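A.B. asks: Each chain, letter by letter, is given below.
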Amino acid sequence: MIRVLFFGPVAEQVPAREMQLPFSAGMKLQDVVAELSARHPQAFEFVSFTAVNQTQVRDLQLPLADGDEIAFMAKFSGG
Amino acid sequence: MIRVLFFGPVAEQVPAREMQLPFSAGMKLQDVVAELSARHPQAFEFVSFTAVNQTQVRDLQLPLADGDEIAFMAKFSGG
Amino acid sequence: MSEPVRIQEEDFSQEAEIAELKASSKRIGGIATFVGCARDFSEGRAVSEISFEAYGSMALAEMRKLRDEAIEKFALLEARIVHRVATVTAGDNIVFIAAAAEHRAAAFDACRWMIDELKQRVPIWKKEITPLGESWVTPHP
Amino acid sequence: MSEPVRIQEEDFSQEAEIAELKASSKRIGGIATFVGCARDFSEGRAVSEISFEAYGSMALAEMRKLRDEAIEKFALLEARIVHRVATVTAGDNIVFIAAAAEHRAAAFDACRWMIDELKQRVPIWKKEITPLGESWVTPHP
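Chains as they are written, first to last, in this note's numbering: chain W, 1 to 79; chain A, 1 to 79; chain Y, 1 to 141; chain G, 1 to 141.
Calculated directly from the structure, the hints in this document are not laboratory data. The model shown is predicted, which means the values in this text are computed figures rather than measured ones. Glycine residues also receive a C-beta, built at the ideal position from the N, C-alpha and C atoms. Misleading hints may appear alongside valid ones.
To be verified - Now the in silico label distances, taken between C-beta atoms and shown as ranges:
(1) G/Arg27 / A/Met19: 33 to 41 angstroms
(2) G/His103 / A/Pro41: 51 to 59 angstroms
(3) A/Val33 / Y/Asp68: 32 to 40 angstroms
(4) G/Ser2 / W/Gln20: 54 to 62 angstroms
(5) Y/Asp116 / G/Glu20: 37 to 45 angstroms
(6) Y/Arg45 / W/Glu12: 15 to 23 angstroms
(7) Y/Ser135 / W/Arg3: 26 to 34 angstroms
(8) W/Pro63 / G/Thr89: 55 to 63 angstroms
(9) A/Asp59 / G/Ser51: 52 to 60 angstroms
(10) G/Glu9 / Y/Asp11: 29 to 37 angstroms
(11) A/Gln54 / Y/Arg45: 40 to 48 angstroms
What the hints assert, rightly or not - EDC-like mimics (lysine to aspartate or glutamate), calculated; alpha carbons at most 20 angstroms apart, straight line:
(12) G/Lys119 / G/Glu15
(13) Y/Lys127 / Y/Glu78
(14) Y/Lys65 / Y/Asp116
(15) G/Lys119 / G/Glu9
(16) G/Lys127 / A/Glu45
(17) W/Lys75 / Y/Asp109
(18) Y/Lys119 / Y/Glu102
(19) G/Lys26 / Y/Asp11
(20) G/Lys127 / Y/Asp68
(21) G/Lys119 / Y/Asp92
(22) A/Lys75 / G/Glu43
(23) W/Lys75 / Y/Glu134
(24) A/Lys28 / A/Asp68
(25) W/Lys75 / Y/Asp92
(26) Y/Lys127 / G/Glu102
(27) G/Lys73 / G/Asp116
(28) G/Lys127 / G/Glu72
(29) Y/Lys127 / W/Glu12
(30) Y/Lys127 / W/Glu45
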């Protein structure tokens, strides 16, 4: 399974802050983004950063592994 | 009278941290500097700033008034 | 001793943080700190409360990295970063940053760098609750 | 309430100073502080004690002017300057500077400006007492 997390303004545009996606061999970050942004286009308007396993990732071609944690995040506004 | 104060490294080169000089009409800061630097040349090697009545003064031609307080000070090193 | 990098709901004590910082070395000549507080006005709107949300595990990892980088980059003797994730009102503390160095220039540079970088890199979000409703804060460039 | 500008023998409490600063306004978004401490080494020499001497009346007047100028120049909401005149040992506090502003840039700029100016303008002198004797500190340019 892939664990998907949404935060801040992004989370308000999806039904749940957290969801699970089935993992399949050869899966890339791009596949998850494509599927979820089709399902929740409004949420993805707020996405500025994506992290895989708590590290920011810019390359959508990143191969995923079973058990990965992906986070979709709006611009940070802490501090 | 003119009250004269010495501070920090300057004070260590004079017999007392404080002295009184008689005031005379027309007296200028220059007169006090000339008299004291002749008496205590080592002290005046350390003098970087002079204040009259708690305000830094650069113009040695400043006329003095009876009761003025003059301070001879080395470079500051607080903070 | 508390951890030098923390995310917590409760308030922090500057005195306690600085005491721990100072306990780390007798070579500290200067400590620069920054405290971010909740204001009652933001862009002209009255704000009653501010609530924070964090991606906790990533935020903590980023804050630790930030501290390590600051210590290395500015040759600090010690540094601390504490961020609250709570609902706060005007005057309440939000974030504490401290940098201790032999001399003041490095302490100031590092403290400022850490808060600037924190705002860029640490996944925490701020929502302002006003009498007219709630809104997420959009950071300025 | 304590005076925002003070010269004193006793130690200060950052917590108390910051609390008074914060009590002055609900618009404060950032507070930058600087604490100068005594180090056990200076230019490679071990230092056992540091003693301070001030031209008290002028030092206080200059520090008050400095605070007024900083508030004006950086549009601060509040500022505090406390300098100890005492004999201190490694780790002891010497000086406290705080600047509170709506936003952090002004707070940092003002805090740094105040300590830089204090060193230039305020008649206080520092003598280091080492195992080999005493010497007045000569400030670097």
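A.B. asks: Which hint numbers does the structure go against, in order from smallest to largest?
C.D. replies: Result: hints 1, 3, 5, 9, 12, 13, 17, 18, 20, 21, 25 and 28 break, sorted rising.
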